[in-house]
Amino acid sequence: MTLAADPRAVFTHVQPAPTTRRLPANRAGKTVSSGTILISTVTLLALFVLWLVATQLGWATPLFLPSPAEVLTQFQAVAVDGYADGTLLQHTLASLGRILVALCIGVLLGVPLGLLMGLNRWVRGTLSVPIGLYWGLPPLAYLPLLIIWLGIGESSKIVLLSLSTFAPICFSAQAGVRSVPVERINAALSLGATRLQLFTNIILPSALPEILTGLRIAVAAGLSCLVAAELIAARSGLGYMIMSAANFLSTDVVFVGLILIAALAFLFATGMRWLERKLVPWKGKI
Amino acid sequence: MLQIRDASVTFSASDGSAVHALDHVSLDIAPDSIVVAVGASGCGKSTLLNAIAGFLPLTEGSIILDGEEIDRPGGDRGVVFQKDTLLPWASVVDNVALGLKFAGVSKAARRERARELLDLVGLADFADKPPYELSGGMRQRVGLARALATDPKILLMDEPFGALDSLTRETMQQLLASVWARTGKQILFITHSIEEALTLGTTVVVMSPRPGRIVARFEAGFVREFAGTGDIGPILSDPRFIELREEIRALIHRPAAKGTLQ
Chain A
1 MTLAADPRAV FTHVQPAPTT RRLPANRAGK TVSSGTILIS TVTLLALFVL WLVATQLGWA
61 TPLFLPSPAE VLTQFQAVAV DGYADGTLLQ HTLASLGRIL VALCIGVLLG VPLGLLMGLN
121 RWVRGTLSVP IGLYWGLPPL AYLPLLIIWL GIGESSKIVL LSLSTFAPIC FSAQAGVRSV
181 PVERINAALS LGATRLQLFT NIILPSALPE ILTGLRIAVA AGLSCLVAAE LIAARSGLGY
241 MIMSAANFLS TDVVFVGLIL IAALAFLFAT GMRWLERKLV PWKGKI
Chain B
287 MLQIRDASVT FSASDGSAVH ALDHVSLDIA PDSIVVAVGA SGCGKSTLLN AIAGFLPLTE
347 GSIILDGEEI DRPGGDRGVV FQKDTLLPWA SVVDNVALGL KFAGVSKAAR RERARELLDL
407 VGLADFADKP PYELSGGMRQ RVGLARALAT DPKILLMDEP FGALDSLTRE TMQQLLASVW
467 ARTGKQILFI THSIEEALTL GTTVVVMSPR PGRIVARFEA GFVREFAGTG DIGPILSDPR
527 FIELREEIRA LIHRPAAKGT LQ
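Protein chains in written order, with the numbering used here: chain A, 1 to 286; chain B, 287 to 548.
Everything labelled a hint here was simulated from the structure, so no lab data went into it.
These figures come from a predicted structure and were not determined experimentally.
Check before you lean on any hint, since a few could be wrong.
To be verified - Straight-line distance between alpha carbons at most 20 Å, and here's what the computed PhoX-like set of lysine-lysine pairs gives:
#, chain 1, residue 1, chain 2, residue 2
1, B, Lys415, A, Lys283
2, A, Lys285, B, Lys369
3, B, Lys471, B, Lys439
4, A, Lys278, B, Lys415
5, A, Lys285, B, Lys415
6, B, Lys415, B, Lys393
7, A, Lys283, B, Lys369
Sequences are here, hints too, so could you generate the full structure?
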């Protein structure tokens, strides 16, 4: 049989087209996103100026809309002297602690159970009904029940928050497993993968982008439940501080609490984006 | 030696009727040969490949590779898919080394072997890139290197160049012919292009749909010349090539086959 000429010789002229093609696309993407950031910053500044002008010109009484200066003064006062049995730091840490504990519980239970639901029909059939049922309920509707069962202490709030973070993480892990392309699984099997190797090398990394999306939803769900739960039953936390201030019509302290919660939400969102870039840089590429 | 004996695959369609995707097909693939199955959509050629790969159980018959009956996917049959199945989180070299990783080969050894294969398919400079920075043709070359890495007994290629543009496709055919000449792997290649079948096959089997059957078998052998010269031009104008091409075209487009398309 005739032996081939060196097959590599054939390919020396082939250019790595996509690498060069990707650069302009990336550049365009960066321009667009930095442009968006600029627009967002301008909007934020405009809102602040509107707030300043509204209070300066006396469009609303301080009871309804305190001035930025008053809010800043209150911020310092609450930070140093405290409000409603705790300094600002203590309230923030109380809220932050609750949501972080709940997120940990949600991930530690939700990811393995969701993966199992994706892999096994029996687990999926059994668990999807109870999780689907409670996930459909507004959390504040069953909070009174949790308070009857667990009391007004930390456990009822932790359970409420964990329930709200667990479901989206669990469902997204399940969806992640179900979304693995069958060709990718077949390819691994024909390369000799055992079931365990298939799971650790193919299914788990394939499901990771979906799991991170679920985590993002869980953070949002957890934050909204957190503040609501603290409004109803708590003796610490930003929600509790806001509720106490509202009872005394201290609108400026309410503003301090709101701004801090917004800042927390922004921090969480930024953290999640960083985590996605770090863990799944290939997301959307294939 | 791969032996397919009376293999049938029957599905039940959504209306409950039986679809004979593969109907009593028998075929031998000898070592050092490239068997190309060509036919219109639905003729069962991909079903045949999936059954050999072990992705799909046979309803009847048996497939035997070197004396062992096939009933599940395994590392002794390397598969190159039409769709890109590379792992986006792993570098090109680690994608090629995946089968060796499954086999428990140490990281250094499997990367060394993977680099050799990347060299063979002309992608040595791209070893450390993520696969999504490669073009479609380059990804298929990575797929070929990955399938070769575990040194399988047979290569199964399911329309691997079907999604590529015609120039890239020709380059890939040259690559495959020369890789075959160098490694002597037995190959089953699926395509819907008659010219590709004749260019690459030592044997070309023509399949027809409903029920999926082998209707003719030709010994082609142009691939030996192609692997040697790397030049497709003289082959395409070879009178025997043209004659076979027209004969196969007539078989695929004959009225009976057209009638069953309704």
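Going down the list of hints, with the structure as the test:
1. Restraint check: the Cα-Cα separation between B:Lys415 and A:Lys283 comes to about 16 Å, which is no more than 20 Å; the hinted pair holds.
2. For the given pair, A:Lys285 sits about 15 Å from B:Lys369 by alpha-carbon distance, which is consistent with the 20 Å threshold.
3. Between the alpha carbons of B:Lys471 and B:Lys439 the distance comes to roughly 7 Å, so the proposed pair stays at or under 20 Å and holds.
4. Pair hint A:Lys278 plus B:Lys415 holds up; C-alpha atoms about 17 Å apart against a cutoff of 20 Å.
5. The hinted pair formed by A:Lys285 and B:Lys415 meets the criterion: a straight-line CA distance of about 13 Å does not exceed 20 Å.
6. With a CA separation close to 17 Å, the supplied pair B:Lys415 and B:Lys393 stays within the 20 Å bound.
7. Taking the CA atoms of A:Lys283 and B:Lys369, the gap is near 18 Å; set against the 20 Å cutoff, the hint holds.
Checked against the numbered hints above, the structure breaks none of them.
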